[in-house]
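Each chain, letter by letter, is given below.
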Amino acid sequence: MGVVSPGFHGRPRESSRRLPPGQYETHDFPVLSAGPTPRIDREDWEFTVTTETGDRHSWNWAELTSLPSESPTLDLHCVTKWSKFDTSWQGVSLDVLLTGVETAADFVMVSSYGGYTTNLPLEDLLDGQAWIAYGYEGDDIPPEHGGPARLLVPHLYFWKSAKWVHGMRLLTGDEPGFWESLGYHDYGDPWREQRYQGD
Amino acid sequence: MARTAVPGRLGQEGAGTGLRWRVATLVERRAENATASTLVLDVAGWPGHLAGQHVDVRLTAEDGYSAQRSYSLASAPGGQYVEITVQRVADGEVSPYLVDQLAVGDPVELRGPVGGWFVWQPGGTRPVLLIGGGSGVVPLMAMIRARRETADSTPFRLLHSVRSPAEGYYAAELTSGDPGLATDFLYTRTSPDGWPRRPGRIRQEDITAFAWPPQTEPMCYVCGPTGFVETTANLLVDLGHDPDRIRTERFGPSGG
Ligand SMILES: Cc1cc2nc3c(=O)[nH]c(=O)nc-3n(C[C@H](O)[C@H](O)[C@H](O)COP(=O)(O)OP(=O)(O)OC[C@H]3O[C@@H](n4cnc5c(N)ncnc54)[C@H](O)[C@@H]3O)c2cc1C
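Line by line, the protein sequences are chains C and Y. One point on numbering: in full-length UniProt numbering, the residue at position 141 of the first sequence is 141, and numbering is uninterrupted. One point on numbering: in full-length UniProt numbering, the residue at position 44 of the second sequence is 44, and numbering is uninterrupted.
Hint data in this document are derived by calculation from the structure and do not stem from the laboratory. Here the structure is a predicted model, which is why all the values come from computation and not from measurement. One or more of the hints may lead you astray.
[Said to hold, decoys possible] Not close to chain C: a few residues of chain Y, all C-beta gaps over 10 Å, as computed:
no.	residue
1	N33
2	P47
3	A61
4	S66
5	A67
6	S70
7	A103
8	A171
9	A209
[What the hints assert, rightly or not] Label pairs and their in silico Cβ distance ranges:
no.	chain 1	residue 1	chain 2	residue 2	range
10	C	E52	Y	D242	30 to 36 Å
11	Y	A182	C	D44	36 to 42 Å
12	Y	E62	C	D140	45 to 51 Å
13	Y	L239	C	T172	21 to 27 Å
14	C	D28	Y	Y81	53 to 59 Å
15	C	L126	Y	G177	40 to 46 Å
16	C	G2	Y	R189	35 to 41 Å
17	Y	P47	C	L126	36 to 42 Å
18	Y	T125	C	G138	28 to 34 Å
C-beta atoms are modelled at their ideal positions from N, C-alpha and C, and glycine is treated no differently.
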């Protein structure tokens with residue numbers, strides 16, 4: 001336990017079984033981005049998976065949205081401390097997108113329109129754990145929240161769920177992405193409070 | 001998004017140690033306006049920081065419950081003490097405690113510095129455009145102070161949007177006339193008497209009237225409530241500023 005702050009009681013709280021350590025629940029949907037919101041036309045949108053041998057698999061907007069989709073309800077945990085419960089999304093599971101992709105890679109570098117990148121182990125994107133989402137609460141995803149399409153990997157801090165997702169490179173070795181090379185944790189498990197390097 | 005920031009900045013205490021929680025002691029409190037105060041903190045073993053970085057502050061109740069929030073560092077790097085400026089958010093869990101309750105001599109836990117992207121370091125070649133909404137001026141002030149402390153001559157401009165003249169921050173210091181720093185204010189609700197601009201949220205003409213044109217390629221730092229940052233960054237892009245030269249920090253849902 002930390003040093004007690006004299007006279008601090010905190011907000012009355014219910015059992016916070018779903019709240020990872022150091023997080024608080026918010027009903028807003030705050031925004032974390034390092035720069036301006038990029039403008040992406042759906043007509044030009046494309047998502048490309050590039051394997052470690054250079055094979056490319058691409059989907060345009062019509063192709064993505066005609067794949068079988070899922071409607072997961074997810075809890076989100078941002079490294080800036082807010083958590084948001086029961087958000088509903090529509091998107092394509094990465095299991096579907098990666099089915100026909102031949103790879104021996106263990107890692108993935110996700111890239112976004114605007115230049116953002118983030119790294120993950122490939123296994124964290126499989127088995128129903130991750131989606132390329134294009135719908136939020138029954139509507140399009142607002143641009144500031146990553147529309148037209150974003151990655152969702154809700155079991156990791158939300159910076160791993162790249163907004164404005166554009167592609168994925170499958171890699172045999174791990175490399176740091178944008179925040180990861182600025183001192184944020186390589187993996188980012190909110191339940192182990194892996195916010196920064198060394199946590 | 002060119003990667004010219006500070007790699008591994010947070011790992012500077014050595015691999016494996018990470019960012020430790022440190023116990024800081026409140027040395028002094030200075031009111032900035034009716035809702036915000038600067039807290040001067042003595043942090044034993046502070047590793048130093050860059051202008052624009054923030055700290056995580058943790059409060060712990062007697063029953064062990066704790067709450068964390070982020071606060072930008074307001075002070076220039078290298079001082080004896082570390083300063084943050086906190087605005088009281090009505091019904092907030094942490095900010096009212098920091099602004100109203102934490103007493104001089106009380107301990108408070110923090111860890112940092114955090115964030116290697118929204119930073120400015122002396123010696124750069126680009127002019128610097130700072131646009132802040134409300135308490136979003138805090139990390140921008142750290143940049144202005146870092147520039148002053150190092151006698152850096154990079155041209156700086158600060159545009160600060162506040163509700164009314166009574167809700168300014170660092171008012172005396174900002175109007176004291178740093179050479180090469182121009183400061184202007186926007187009022188969203190109430191302007192001073194005779195102010196030429198009618199009160200209202202930031203608009204394109206505010207930026208064209210005050211900011212450098214895109215051709216001069218300034219580094220732009222935009223900070224404040226999410227809506228303010230979204231609007232301002234979009235206006236800068238509309239005016240032709242390269243998104244790679246626009247760095248943003250979003251503080252929270254509303255206000256400013
Ligand atoms: C990187 C970073 C740096 C920051 N730097 C600063 C700083 O230098 N100074 C500073 O004062 N704050 C700063 N903030 C915001 C700060 O972390 C807290 O979010 C803020 O103090 C509110 O916390 P709270 O516990 O008092 O309110 P909470 O209990 O979290 O919120 C209470 C209610 O107020 C709303 N709310 C939350 N924040 C705001 C806001 N800013 N304006 C209006 N309503 C709000 C919430 O939606 C909620 O309904 C920063 C945030 C980030 C992410």
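Hints, one by one, checked against the model:
1. N33: Per Cβ check, N33 of chain Y is outside 10 Å of chain C; nearest 24 Å; holds.
2. P47: Given a closest Cβ separation of 12 Å, the condition holds.
3. A61: Not fine: 5 Å to the nearest Cβ puts A61 of chain Y too close to chain C.
4. S66: violated (6 Å)
5. A67: A67 of chain Y not clear of chain C: closest Cβ-Cβ about 5 Å, inside 10 Å.
6. S70: Not fine: 6 Å to the nearest Cβ puts S70 of chain Y too close to chain C.
7. A103: Label violated. Min Cβ-Cβ 8 Å, cutoff 10 Å.
8. A171: Check passes; 29 Å lies beyond 10 Å.
9. A209: holds (20 Å)
10. C:E52 x Y:D242: 30 to 36 Å: holds (32 Å)
11. Y:A182 x C:D44: 36 to 42 Å: holds (39 Å)
12. Y:E62 x C:D140: 45 to 51 Å: Holds, at about 47 Å.
13. Y:L239 x C:T172: 21 to 27 Å: Violated: the Cβ-Cβ distance is about 44 Å, outside 21 to 27 Å.
14. C:D28 x Y:Y81: 53 to 59 Å: violated (33 Å)
15. C:L126 x Y:G177: 40 to 46 Å: Check failed, 60 Å falls outside 40 to 46 Å.
16. C:G2 x Y:R189: 35 to 41 Å: Holds - the Cβ-Cβ distance for G2 of chain C and R189 of chain Y, about 39 Å, lies within 35 to 41 Å.
17. Y:P47 x C:L126: 36 to 42 Å: holds (39 Å)
18. Y:T125 x C:G138: 28 to 34 Å: Taking Cβ atoms as reference, T125 of chain Y and G138 of chain C lie about 48 Å apart, which means the hint is violated.
Consistency note: the structure conflicts with the earlier hints numbered 3, 4, 5, 6, 7, 13, 14, 15 and 18.
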